[in-house]
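K.L.:
Assemble the whole structure, with the sequences as input and the hints as a guide.
Now for the letters of each chain:
There are 2 protein chains.
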Amino acid sequence: MTEGKRGILFVLSGPSGAGKGTVCQALMARQPDLSLSVSATTRLPREGEQHGVNYFFKSPEEFHAMIAYNQLLEWAEVYGNFYGTPRNFVEEKLERGVDVLLEIDIQGAMQVRHTYPEGVFIFLIPPSATELKSRILGRGSETDESFQRRFGAARHELQRMKEYNYVVVNDVVDSACVRIEAIIRAEHCSVHRNLELLSEW
Amino acid sequence: MTEGKRGILFVLSGPSGAGKGTVCQALMARQPDLSLSVSATTRLPREGEQHGVNYFFKSPEEFHAMIAYNQLLEWAEVYGNFYGTPRNFVEEKLERGVDVLLEIDIQGAMQVRHTYPEGVFIFLIPPSATELKSRILGRGSETDESFQRRFGAARHELQRMKEYNYVVVNDVVDSACVRIEAIIRAEHCSVHRNLELLSEW
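Those protein sequence lines, which keep their order, are chains A and B. So the first sequence is numbered by my numbering: it starts at 1 and just counts up by one. So the second sequence is numbered by my numbering: it starts at 1 and just counts up by one.
Keep in mind that the hints were calculated from the coordinates and are not lab data. It is possible that part of the hints are untrue.
A pair counts as met if it fits within one copy or between any two copies, since identical chains are not told apart.
DMTMM-like cross-link-like pairs, simulated, lysine to aspartate or glutamate; straight-line CA separation at most 20 Å [to be verified]:
1) 5 / 171
2) 133 / 200
3) 5 / 118
4) 162 / 196
5) 162 / 118
6) 162 / 47
7) 162 / 200
8) 133 / 105
9) 20 / 181
10) 5 / 200
11) 93 / 144
12) 20 / 171
13) 93 / 200
14) 58 / 145
15) 58 / 47
P.N.:
Here it is, written out as structure tokens:
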């Protein structure tokens with residue numbers, strides 16, 4: 001992780017049902033040097049949730065000030081609560097040479113790409129339409145209508161792949177992790193992140 | 001190696017003294033699925049060298065016909081003998097989904113970049129100027145003048161790094177291999193090599 005001087009922001013995103021959460025968790029367990037981005041939110045803490053670990057809990061006023069002062073890499077409102085990615089938290093890690101992993105939906109990833117284009121954008125996809133169907137059904141409590149809506153949305157979202165740098169098929173969680181780890185290592189070798197090597201000669 | 005449908009051409013290059021040959025040999029031993037590009041040459045076979053394994057041995061007439069018919073990805077004349085990379089050999093492997101590794105000097109790599117820009121260009125460098133000095137001296141039989149010439153040339157060649165995709169520091173051969181293997185795996189996940197996934201949905 002320390003081949004380049006500055007850390008790299010890796011954005012893990014993809015359609016619903018791709019398994020972003022599971023892969024992200026597995027990756028964090030395998031890569032202790034990687035730092036997971038912590039979101040800010042206006043929703044109230046649930047039992048056991050810690051400020052600065054699970055979320056940065058903010059009042060609506062604080063959150064809106066963060067928006068106003070451009071302190072969020074992206075933000076969204078979901079069912080009346082606000083969620084966002086604090087720029088400072090990410091920047092401080094990167095400055096110290098630590099890589100940051102941000103797990104986020106496609107809309108959020110596209111905002112981050114706008115505010116932080118130096119990031120590396122990884123699109124996680126299910127191995128097949130059949131597998132996606134069974135994953136959506138596996139969550140249970142789906143009416144036929146809601147299933148069709150979710151499946152249609154996921155298929156639609158897949159077309160956003162072109163706006164990412166990498167696509168990782170999540171067939172087996174460990175294999176997906178191995179691919180993402182290779183992407184992390186390779187990005188540290190990219191020439192444009194290592195131009196300072198030239199001045200060392 | 002089979003995540004994308006078509007194989008990828010990886011060009012391993014770098015200044016003299018970077019250890020290209022050693023890394024290439026180690027990589028081939030670790031990666032049996034990788035295919036090493038075999039050069040064509042007009043020089044005579046040495047004892048034990050096999051046609052199609054070490055080189056494709058060609059008459060000067062045959063070699064010049066290959067140049068004329070654009071059948072070489074690059075070529076050069078060295079002390080009166082011709083050397084080149086047959087396009088057919090590489091293309092056939094790539095078509096079959098096999099990755100090809102080409103170890104070559106910087107001048108050759110720049111020719112390949114021109115004739116085959118879809119390749120992935122990896123620049124191998126020694127860990128430091130001090131280490132490069134000791135590697136050049138380690139080859140022995142260097143006069144002070146020839147040492148200065150070689151060292152100066154290598155420093156000059158280092159500036160070509162900017163024309164490559166990746167830079168790999170060859171501090172320890174196995175570590176350099178791990179980085180190159182990550183690059184290979186990551187490139188198979190690049191979105192522009194996987195656009196056919198979109199049509200599968």
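K.L.:
Is the C-alpha distance from residue 162 to residue 196 at most 20 Å within one copy, between copies, in both cases, or in neither?
P.N.:
between (30 Å within a copy, 11 Å between copies)
K.L.:
From the Cα coordinates, with 20 Å as the cut-off, is the pair residue 133 and residue 105 best called within, between, both, or neither?
P.N.:
Within one copy only: 19 Å inside, 50 Å across.
K.L.:
How do residue 20 and residue 181 come out at 20 Å by Cα distance, when the copy is not named: within, between, both, or neither?
P.N.:
within (15 Å within a copy, 25 Å between copies)
K.L.:
As a check of your reading, is residue 162 near residue 47 (CA-CA no more than 20 Å) within one copy, between copies, both or neither?
P.N.:
neither (39 Å within a copy, 52 Å between copies)
K.L.:
Could you place residue 133 and residue 200 in one of the four classes (within, between, both, neither) given a Cα distance threshold of 20 Å?
P.N.:
For residue 133 and residue 200, only the inter-copy Cα distance (14 Å) is at most 20 Å; the intra-copy one is 53 Å.
K.L.:
My question is about residue 5 and residue 171: at a cut-off of 20 Å on alpha-carbon distance, are they close within one copy, between copies, both, or neither?
P.N.:
between (33 Å within a copy, 17 Å between copies)
K.L.:
Since the copies are identical, ignore which copy is meant and state whether residue 5 and residue 118 lie within 20 Å (CA to CA) inside a copy, between copies, both or neither.
P.N.:
For residue 5 and residue 118, only the intra-copy Cα distance (14 Å) is at most 20 Å; the inter-copy one is 28 Å.
K.L.:
How do residue 162 and residue 200 come out at 20 Å by Cα distance, when the copy is not named: within, between, both, or neither?
P.N.:
between (37 Å within a copy, 14 Å between copies)
K.L.:
Evaluate residue 93 and residue 200 at a C-alpha cut-off of 20 Å and name the case that applies: within, between, both or neither.
P.N.:
neither (25 Å within a copy, 38 Å between copies)
K.L.:
I want to check one pair: residue 58 and residue 145. Are their C-alpha atoms no more than 20 Å apart within a copy, between two copies, both, or neither?
P.N.:
neither (36 Å within a copy, 68 Å between copies)
K.L.:
Reference check for the pair residue 20 and residue 171, CA-CA at most 20 Å: within, between, both, or neither?
P.N.:
within (12 Å within a copy, 35 Å between copies)
K.L.:
Have a look at residue 93 and residue 144 and pick one of within, between, both or neither, based on CA distance no larger than 20 Å.
P.N.:
Neither, since 44 Å and 47 Å both go past 20 Å.
Figure legend: structure checked against the earlier numbered hints; hints not met, in rising order: 6, 11, 13 and 14.
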